[in-house]
Every structure is written in C-alpha cells, then in structure tokens.
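**Student:** Sequence:
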Amino acid sequence: MALFILCSMNTVIAGEVSILAADFRHAGGNTWNITVTLQHDDTGWDHYANRWRVVDAKGNLLGDRVLHHPHVDEQPFTRGLSQVTLPDGITTVYIEAQDKIHGWSPIRLEVDLKKIKAGRVHVKAADLNHK
Numbered sequence: 001m002a003l004f005i006l007c008s009m010n011t012v013i014a015g016e017v018s019i020l021a022a023d024f025r026h027a028g029g030n031t032w033n034i035t036v037t038l039q040h041d042d043t044g045w046d047h048y049a050n051r052w053r054v055v056d057a058k059g060n061l062l063g064d065r066v067l068h069h070p071h072v073d074e075q076p077f078t079r080g081l082s083q084v085t086l087p088d089g090i091t092t093v094y095i096e097a098q099d100k101i102h103g104w105s106p107i108r109l110e111v112d113l114k115k116i117k118a119g120r121v122h123v124k125a126a127d128l129n130h131k
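Residues 1 to 131, numbered by UniProt numbering, are exactly what the sequence shown covers, in order.
Be a bit skeptical, because a hint or two may be false.
To be verified - Straight-line Cα separation of at most 27 Å, DSS-like style, residue types lysine-lysine; simulated pairs:
#1 LYS58 to LYS100
#2 LYS124 to LYS58
#3 LYS124 to LYS114
#4 LYS124 to LYS100
#5 LYS58 to LYS114
Hints were generated in silico from the structure; no laboratory data involved.
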C-alpha cells in the first residue's frame, strides 16, 4: 500500500510540461533564432521535459530542440534553437513540448509572427489563450 501511495504522489508532483514563454528573434530572410521557457517538475532521468518543437497550424515540424538531461534544480528553464527556417508566408506557429512520461502536452503556445517589433516577437503563456 505504501508503495502505491508513493508512486501516485510522484505522478501528481511531476505532471505535464508547461510552456511559459517563447522568444523569436529575426535572423534575416525566413530564419529565426528561438528560445523557449519551460516549467516541469523533473524528477530525474526517468521523468523530465525532454523536447520542444515548432510546428505550423497543420502540425508540420519546422524546428526541434532535444533536451538531453533533466533540469531538476533549474526551474523554469530556457533553451534555444538557432537558424530555424520558416516557410514563406507563414504568420503563425506553435510551440509544443513533451516529457518522457506524458509525451506531448495537449497545451501549446501560439506565436503570431505578424506581431514582430524591432526584429523580435515575445509571447508569454499568461498573455494569451493556449491553443
């Protein structure tokens, strides 16, 4: 019984990954440098946020960032992906994130590239509805 309670507590403590923010910096042409801030109750190598990606509205992969280790003592954390080329005419992309237990989070962050100012688009999850 005690083992069951401990396992259940671990699941509650370390849930799905949350996408807190994304920063897109225009690098010229269709190329962007992207940073994403994630929050996840990483517990170690068996359960941690291990990837984020950029997709279009149809789910086509545009950029992918693998996270190679847990961030147990570094929460939230921000990681980048440089030189991401987006297709001509694209105005909206989405950030998705996953952890090793739950897979891809059903909540993604919408980034409206038409809101560029001074070569940058910054979006916080608290600023808009998740898609």
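**Student:** Against each hint, give a clear statement of whether it holds in the structure.
**Tutor:** Hint check results:
Restraint check: the Cα-Cα separation between LYS58 and LYS100 comes to about 24 Å, which is no more than 27 Å; the hinted pair holds. Between LYS124 and LYS58, the direct Cα distance comes to roughly 22 Å. Compliance with the 27 Å bound is thereby established for this hinted pair. Distance restraint check for LYS124 and LYS114: the Cα-Cα separation of roughly 16 Å lies within the 27 Å cut-off, and the hinted pair is therefore satisfied. The hinted pair formed by LYS124 and LYS100 meets the criterion: a straight-line CA distance of about 24 Å does not exceed 27 Å.
Of the pairs offered as hints, the one joining LYS58 and LYS114 holds, with about 18 Å between alpha carbons and a cut-off of 27 Å not exceeded.
The earlier numbered hints are all upheld by this structure, with none contradicted.
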